[in-house]
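Visitor: Start from the sequences, fold in the hints, and give me the full structure.
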Amino acid sequence: MAEENSKGPVDTAHLYDGKVVRSSAPSRVKAAGTLKRDTGIPDDAMPEIEIPGWIETIFGGPVLTTRKFLPPDRMVVSLQIWSSASLLVLTFLTFMLTPVSGTAWFTLSNILGIGFIGLAIHWILMLIGLIGGFFGISQRDQRALLASYVALILVTVRFAGSKVEYGLSFLPEDETIQKILLILYAVFLVMYIEISSGIIRFSMLDTSIRTGEVYVMNVNAITRRYTRALSVTPAVAGFVAMLTLFINLIIPAFVGILDPVAANRLRESVELTSVYGVALGTILVFIIIASMFAINLPLRIQQYTERQS
Amino acid sequence: MAWSRKSAMFASLSIAMYLLGLVLRNQQLVTVAVVLLSFLTWAALRTAHGDVASTGKRMEDAAMDEGVQLQSIVAMRKTSSARVFEDGEIDVTVRIQNRSGVAKVLELRDRVPEVMRVKKGANYVLMEIGPKRETEISYTIETPLRGFYTIGPVCIRVQDELGLFHNEKEILLYDDFLVFPKMEDIKDAMVKSRVPKIFTGAVNIRNPGEGSNFYNLREYIPGDPMKKVNWKATARQDGKMMVNEFERDAVSDVILIVDSRAVSETGPVSRNSLVYSTRAAASLTQYFLSRRDSVGLVVYGDEIVSVDRDTGKKQLYIILTKLAGAMAKGNTPLKIVTNRIMPHIHRGSPIIILSPLEDDPTIIDAVRDLRARNFEVTVLSPSSLEFEFDARRIDRTGYEVLKTERDILITELRGLGAYVMDWEPDMLLFTALAGARGF
Chain L
25 MAEENSKGPV DTAHLYDGKV VRSSAPSRVK AAGTLKRDTG IPDDAMPEIE
75 IPGWIETIFG GPVLTTRKFL PPDRMVVSLQ IWSSASLLVL TFLTFMLTPV
125 SGTAWFTLSN ILGIGFIGLA IHWILMLIGL IGGFFGISQR DQRALLASYV
175 ALILVTVRFA GSKVEYGLSF LPEDETIQKI LLILYAVFLV MYIEISSGII
225 RFSMLDTSIR TGEVYVMNVN AITRRYTRAL SVTPAVAGFV AMLTLFINLI
275 IPAFVGILDP VAANRLRESV ELTSVYGVAL GTILVFIIIA SMFAINLPLR
325 IQQYTERQS
Chain G
10 MAWSRKSAMF ASLSIAMYLL GLVLRNQQLV TVAVVLLSFL TWAALRTAHG
60 DVASTGKRME DAAMDEGVQL QSIVAMRKTS SARVFEDGEI DVTVRIQNRS
110 GVAKVLELRD RVPEVMRVKK GANYVLMEIG PKRETEISYT IETPLRGFYT
160 IGPVCIRVQD ELGLFHNEKE ILLYDDFLVF PKMEDIKDAM VKSRVPKIFT
210 GAVNIRNPGE GSNFYNLREY IPGDPMKKVN WKATARQDGK MMVNEFERDA
260 VSDVILIVDS RAVSETGPVS RNSLVYSTRA AASLTQYFLS RRDSVGLVVY
310 GDEIVSVDRD TGKKQLYIIL TKLAGAMAKG NTPLKIVTNR IMPHIHRGSP
360 IIILSPLEDD PTIIDAVRDL RARNFEVTVL SPSSLEFEFD ARRIDRTGYE
410 VLKTERDILI TELRGLGAYV MDWEPDMLLF TALAGARGF
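Read top to bottom, the protein sequences are chains L and G.
Numbered according to this note's numbering, the first sequence spans residues 25 to 333.
Numbered according to this note's numbering, the second sequence spans residues 10 to 448.
Think of the hints as simulated: they come from the structure by calculation, not from any bench.
Cβ coordinates follow ideal geometry from the N, Cα and C atoms, glycine included.
It is possible that part of the hints are untrue.
What the hints assert, rightly or not - In silico negatives: residues of chain G with every beta carbon more than 12 Å from chain L:
hint: 1; residue: 91
hint: 2; residue: 97
hint: 3; residue: 173
hint: 4; residue: 237
hint: 5; residue: 327
hint: 6; residue: 330
hint: 7; residue: 346
hint: 8; residue: 350
hint: 9; residue: 437
To be verified - Taking lysine-lysine and the DSS-like style, the derived pairs with C-alpha atoms no more than 30 Å apart in a straight line are:
hint: 10; chain 1: G; residue 1: 113; chain 2: G; residue 2: 129
hint: 11; chain 1: G; residue 1: 129; chain 2: G; residue 2: 178
hint: 12; chain 1: G; residue 1: 87; chain 2: G; residue 2: 113
hint: 13; chain 1: G; residue 1: 129; chain 2: L; residue 2: 92
hint: 14; chain 1: G; residue 1: 15; chain 2: L; residue 2: 92
hint: 15; chain 1: G; residue 1: 331; chain 2: G; residue 2: 128
hint: 16; chain 1: L; residue 1: 92; chain 2: G; residue 2: 128
hint: 17; chain 1: G; residue 1: 191; chain 2: G; residue 2: 15
hint: 18; chain 1: G; residue 1: 87; chain 2: G; residue 2: 322
Guide: This is the structure we're talking about:
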């Protein structure tokens, strides 16, 4: 309704001055007699207003969307299987590669003088990662998946003193195998995150298709591309990671062409074999990648592909 | 190239892990970070070019922002109709061409107006389109509300398979269409002019002179034709000659005045006074024009828009177009409208005012002036109070007070000799009109 001051003839007394009112107000009588509405506001009359929490305010929206999915289709089921498998392998690799020593809870338990608490927390974190992950995968629950990611990452946060240490004592001491196991662990962690988020993504897509929100042409081609990307991308990432981790072998190999003695010294160097060697490797690899972007190589590749075809 | 939330999360996670790994000398964390960064880099390489020249970029480079992949995508649209009535349907067909030699996975969304509902098909399509191929998507939209609308633009997005980065392009392809207010069949709940039309206008009067419907009896006046003498009535009047008088068939000038002031849109979007008024005006126009009367329209809100009286189907579409475009704006008083149009309309012509009768202190004066000049005034008043009360926007006390004020105003208008109908939301137009005329 308009505001009271702009309503015009609000005071209607003047309407009756010196006049005969010919009829009563039929509508009013009728309305008063027939109105059966109560003044309570029904639940469905009020629009749902969602006030964002502070986290949502920072991220500009809900971090996790709550959405009901229809029963999973074949693609989603296969992703669930792959995701469960990668979670299982990942948990096992985490268990193998991540000792409790160096973690905050290990230090805390030592301070308290109760040694098993640290180990218990360590295993609990891994169990949260495993069980939460399985629950999230089967129920397609994003909160459980997020808890699983956090737990599996948190368990690796420890002061390691540059050396690769294992959670299991019987694993080989060979540096190459150690690094390959590390790369495997990292690839499986990323794969687990990717495939489990793919479950949500494809569930949303499938629900949208089945509710008619979106129409998908040639679904098989699209899922085939995704499956191919799932196999190619980890391989590429693993290769890049290998380049960075084996920098203590790659640099000496190049130096060895000119000076075998210096190359040998480099190979034995503590700095190159430690985490700082990995950092150096990362810098070198990503300098190459950055220079590819700097010369707009992706664009040129795309232009070339478009022209060639 | 745009980042998705996922890629942003990956990037921040990898940087955090990398730095933490260096601080804690933890190769495990550093390795995970490197793998994550490689994931991102590979996806970015495959999605788009590196946008390294954000500053000092040449004009021609700006076109490249959408990515090479999208430059060869062309869209064309065809709609089944550019004019449709409320609750009608429009079939839309969008043809997509991939002029490059590389297959592409595209997300395509053809933007439809918010009030429209996609009834059949989908305007949002995910597709793989082969090299040098074209495909067609079609969907049907429902048009629930009158107005001028535009379909478009066509938004296209291409992203990497893992959903990390995407490029978007808007193809500026627009199609306008018009939704006319829907019409009811109102048959005989009608207004007739008491006086014949002075100017015949474009359509000839079918029965010039006398009509065929009995009107009343009166005493014989010399010159009356003998065939009009009612002999039975003459016999009953002791020899005083009585003649039959007939209602004159004539073409009327009907003037419709639609209130489109801001206040007329009070209530829900699909149920408010303006929606009802425009539908009523459309129905009345159709009825009168089908009876070969001439109809004029005045729509007033922030300005006065008028359509001069005329007849025929063309006039119907002219009026429907004006009604479709009526926007709830401004607060022009009715008195100004009537003062402006009165000199141009014939006395005795029926005037139908469609207004919620709110926020206008000049209503009574305006109707009094019209009645004083012998215009036959009918007021159809869709009650915005009812709309608001139904939508639970006012409480019962407020409703009762405002309703009483409204009833007093309506009573006053009735006292001036106008036919007034308090049109409640659930009432059909036919019933409302019948109520107004006291039928």
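Visitor: Each hint should be assessed against the structure and marked as holding or not.
Guide: Right, here's what the structure says about each hint:
| no. | hint | in the structure |
| --- | --- | --- |
| 1 | 91 | 25 Å, holds |
| 2 | 97 | 20 Å, holds |
| 3 | 173 | 9 Å, violated |
| 4 | 237 | 36 Å, holds |
| 5 | 327 | 31 Å, holds |
| 6 | 330 | 29 Å, holds |
| 7 | 346 | 15 Å, holds |
| 8 | 350 | 21 Å, holds |
| 9 | 437 | 17 Å, holds |
| 10 | 113(G) x 129(G) | 26 Å, holds |
| 11 | 129(G) x 178(G) | 25 Å, holds |
| 12 | 87(G) x 113(G) | 23 Å, holds |
| 13 | 129(G) x 92(L) | 23 Å, holds |
| 14 | 15(G) x 92(L) | 20 Å, holds |
| 15 | 331(G) x 128(G) | 27 Å, holds |
| 16 | 92(L) x 128(G) | 22 Å, holds |
| 17 | 191(G) x 15(G) | 47 Å, violated |
| 18 | 87(G) x 322(G) | 27 Å, holds |
In this structure, the earlier hints numbered 3, 17 are contradicted, and the remaining ones agree with it.
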